[in-house]
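Q: Listed here are the chains, written in short residue letters.
There are 2 protein chains.
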Amino acid sequence: MTHSLTDIEIARAADKKPIQEIGARLGIPDEHLLPFGHDKAKVSAEFIASLADRPKGHLVLVTAINPTPAGEGKTTTTVGLGDGLNAIGKSAAICIREASLGPCFGMKGGAAGGGYAQVVPMEDMNLHFTGDFHAITAAHNLLAAMIDNHIYWGNAQEIDIRRITFRRVMDINDRALRQIVCNLGGVANGFPREGGFDITVASEVMAILCLATDMADLERRLGDIIVGYRRDRSPVTCRDLKADGAMAVLLQQAMQPNLVQTLENNPAFVHGGPFANIAHGCNSVVATTTALKLADYVVTEAGFGADLGAEKFMDIKCRKAGLAPSAVVIVATVRALKMNGGVGKDGLGEENVTAVKKGCANLGRHIENLKQFGVPAVVAINHFVTDTDAEIEAIRDYVRGQGTEAILCRHWAEGSKGTEALATKVVQIVEQGAAQFAPLYPDDMPLFEKIECIAKRIYRADEVLADVKVRKQLRDWEAQGYGHLPICMAKTQYSFTTDPNKRGAPVGHSLPVREVRLSAGAGFVVVICGEIMTMPGLPKTPSAEAIHISAQGFIEGLF
Amino acid sequence: MTHSLTDIEIARAADKKPIQEIGARLGIPDEHLLPFGHDKAKVSAEFIASLADRPKGHLVLVTAINPTPAGEGKTTTTVGLGDGLNAIGKSAAICIREASLGPCFGMKGGAAGGGYAQVVPMEDMNLHFTGDFHAITAAHNLLAAMIDNHIYWGNAQEIDIRRITFRRVMDINDRALRQIVCNLGGVANGFPREGGFDITVASEVMAILCLATDMADLERRLGDIIVGYRRDRSPVTCRDLKADGAMAVLLQQAMQPNLVQTLENNPAFVHGGPFANIAHGCNSVVATTTALKLADYVVTEAGFGADLGAEKFMDIKCRKAGLAPSAVVIVATVRALKMNGGVGKDGLGEENVTAVKKGCANLGRHIENLKQFGVPAVVAINHFVTDTDAEIEAIRDYVRGQGTEAILCRHWAEGSKGTEALATKVVQIVEQGAAQFAPLYPDDMPLFEKIECIAKRIYRADEVLADVKVRKQLRDWEAQGYGHLPICMAKTQYSFTTDPNKRGAPVGHSLPVREVRLSAGAGFVVVICGEIMTMPGLPKTPSAEAIHISAQGFIEGLF
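Top to bottom, those sequences are chains A and B. Residue numbering for the first sequence follows the working numbering, beginning at 1 and increasing consecutively. Residue numbering for the second sequence follows the working numbering, beginning at 560 and increasing consecutively.
Derived by calculation from the structure, the hints in this document are not laboratory data. For every residue, glycine included, the Cβ atom is placed at its ideal position computed from N, Cα and C. Just to be clear, a hint being listed does not mean it is correct.
Some chain A residues close to chain B (C-beta under 8 Å, calculated; not the full set) [what the hints assert, rightly or not]:
(1) Pro55
(2) Ala145
(3) Gln253
According to the in silico footprint, chain B covers these stretches of chain A (three or more CB under 8 Å from chain B) [stated by the list, open to error]:
(4) 179-187
(5) 199-205
Here are a few chain B residues that sit away from chain A, every Cβ distance over 12 Å (derived from the structure) [as the list claims (entries may be wrong)]:
(6) Leu610
(7) Asn708
(8) Thr772
(9) Glu778
(10) Glu990
(11) Leu1024
(12) Val1029
Can you build the whole structure from these sequences, using the hints too?
A: Given below as structure tokens:
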């Protein structure tokens, strides 16, 4: 059941097909595939527009229990399930997010799945790929430059320089830029003010690109971005500064979804990558809807655990894009459930059925939660070599008690062979047609009640704590016409609560709201609970120190 | 002789061939062309390495008189001459620089030639193209982040935070970032210090990419970058921070030259774009040497007028890359010579033979200067519709008196038909084999004497003014082993002097050196004379305000 090769060795040994062949399987003609090298391509906007009247395939969401340092393998399972569906004769594509450069050179090392369930070309996907993130960085920073330039040349919009909310971005982990004073150096350089940089995945432009349905919608949303406020607190938008058209031009190519392939030569759309805390954490709407027109089954994933990722997928992405998932797969591992059951990292290697059983409470709550969206769920146990039969059986038993099924998956070691059972189950669920998707709350619920709804029904908090200023801000936005927007919760991914150390299925907690922000272009209200870092730092020994090109010409150290 | 279409209309109407066809004409097999869309490709490093033993073709430099607001058309003439050489039956390619995003959204509007002498696809070339500049920005800023991160985690190298010379970069005109204080916000964000951003084309990484011969040379040069100094004034390098390997990985794809085509479907390499003041202002060495292995004639250009651009082309690029140009074309226009002769912008429409004759002094000095490099020169008069026969004849007469020839070129209106005479003349010069290229000064001349040599022999200054600090700095660098480096002069492009208003062929001036900087990775000493802006600002009404996508899907306002 084990293999002796590393992820990158497997990826390098992949027998990749020319991307035109992958496109042809989906019915995309060569002239509508804009190649980037021989193994990546963008699907032309013209071709996508031509699909308007086609029926949509079935959408399957892969989500997970609350993440732990033990790892769950959500992307790996998404890839494995896509390959599994193809293996049992279905036409299936996967949709996942693009990777950010920042973490690759910091701590995490890049990846696009793992073992025998990967998307290739792995190196490119963890470097510049097709340049989408660079385009987003450029468009974002053009607007930022136009704000200061507007002020420099007379500030006709009367922007209050203390109330500029639009920061700059960079796709690098750089704590030095979190908080800066810019426009220094005298008259020629502008009016000194505080500012700062976020990482590109935290850009509202990223969220917009991932929620926009086409170029016209993109430009409209860009125009809606609020960059700051006047002294009278009225908002100044990107449109007021006439930056929306140029930003759309910079993003035109990036708006076209990227097509690559899995190790088993099945189509994979990899497009967009918004943060899963201050944004919604899903690949682009354009990629998902395009895939749904071209394949019968589309497997996609959402960031973090189901409390954050799946909730936002349902309440933001599906609601806004008119998508309705047919099934949900919740990924769990024996190791991660053990940690949710109180075991530390050092104890993961030993059999501990009691801890697994205890940790299942976390899984159980996610299963319950997902029922509230009307979509049937199945559990995928992503197999690790150290798992024992008794531990796996404990999960199966528990999940059976929750009225669904847990299926052991061995895609990491076996590729699609390891997910045929899961794929068969997913097809069965989809064909039963039991899904009756509905978002958690209606558009017209007051903003604060939406927050309470998520807090109580998903996090199981007793109450939401927010001071008068926050509540007033929400009421002001309602008065300004933003009351219909969905909520984008930004809290720790490690717990249902705001305390990352409270694993399992905690009760008796409250949800303190620290701050609320309006992403008027993306179209959601960000609710920040606890400390949220929008510009990571590099660790003491960044992985960049080891990244290099080997004498054989291979990129080493990136993974 | 006129045409009623704009540059962008002509570019859109181009009958582009698939890039594989353009590559095939140069003998590049499909698998060694990494496509970016259907009309752009990178030439693989593997293929380039396979050319090592091939003989080189002939290199022709296109340079110009001192630029004026009237425009000279250096790139247009480079494209026109390349097409002209192909039209008369020669195998010819052109090599030009990539465009920076910054100016496109600011003032200038992008371009890649003009009229019927253009390189296409024009839109892409003025936007993200193949992502090279974004890769340079990312690599540069990764090193910058690693400097502050190194200090944050204990500063083992003992970098003096007051003496960090390596700034950050962005490919946007953003005056707000010229001078900043970063690392604000307390302990978690580092040690507050002054810093700032330059535009990406001013990055030393850009200059390095354009001078490196291969990946190993690139990584070595990156390692040599001096990022700052310790309290004892000893330099701290990129290699000391272990950033060189990761930067090379980020630049691996960008190091491969880009192939596109002219309107007449002739091959054009467009690669790299260093500033022509604080850097050397030429396209990459890799592009030029690759083109020389694949074509019998390679036409390239250098930034600004011949006093800056051609001198650096000869003394930095050719010296370091072992290139020897066979001929030089000096571009002049009636209008620009009129301005050099004292006419203002408003008087350009009227015939003024006297002013043209007076302005010819500027042209004459460039002709004289170029003789010092041992390369025969010919003058191309880039025709404008308002030029009169008498004005053109005045130039011809003058140039004849300088021992060479001025040839009227109508490539803007007629494409290659308009440059056949110039092409024929260039071939004649090349076939005569009169060129005996030598740089202006030897490697082992002391740094200050090199500056004097350029100032006196090229700018015709009487003396170089530099205070004790500057002279001491140069001696220190000599002691540290940097004395063999060439000089990279940074001064105004509008005059032989440091005063942009002194047009023509001024005498009796001195060259004041304000500052010297060591680009140890690029391999030159930058000598700054007068104010040099390394981060432009946007104008009151940036062109970005008008840039948009039309209802027909065309990008408007970019040109």
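Q: The structure should be examined with respect to each hint, and the outcome stated for every one.
A: Status of each hint after checking the structure:
Annotation: Pro55 (chain A) was flagged as interfacial toward chain B, and the flag is violated, the nearest CB pair being 26 Å apart, outside 8 Å. Because the smallest distance between the Cβ of Ala145 (chain A) and any Cβ of chain B comes to about 4 Å, under 8 Å, the interface hint for this residue holds. Interface restraint check: Gln253 (chain A) against chain B, minimum CB-CB distance 7 Å, threshold 8 Å, status holds. Against chain B, the stretch 179-187 of chain A contributes 7 residues with a C-beta closer than 8 Å to a partner C-beta. That satisfies the three-residue criterion, and the hint holds.
Residues of the stretch 199-205 of chain A with a Cβ under 8 Å from some Cβ of chain B number 0, which does not satisfy the need for three, so the listed coverage is violated. At roughly 17 Å from the closest C-beta of chain A, the C-beta of Leu610 (chain B) stays outside 12 Å, upholding its exclusion from the interface. With a minimum CB-CB distance of about 4 Å to chain A, Asn708 (chain B) fails to clear the 12 Å threshold, and the non-interface call is violated. Every CB of chain A lies more than 12 Å from the CB of Thr772 (chain B), the least distance being 15 Å, so the non-interface label holds.
Its closest Cβ contact with chain A, about 7 Å, brings Glu778 (chain B) to no more than 12 Å, contrary to its assignment away from the interface. With a closest Cβ-Cβ approach of about 40 Å to chain A, Glu990 (chain B) is found to remain outside the 12 Å limit, as its non-interface label requires. Every CB of chain A is more than 12 Å from the CB of Leu1024 (chain B) (nearest about 25 Å), matching its label as outside the interface. Annotated as non-interface, Val1029 (chain B) keeps its C-beta farther than 12 Å from every C-beta of chain A; the closest such distance is 22 Å.
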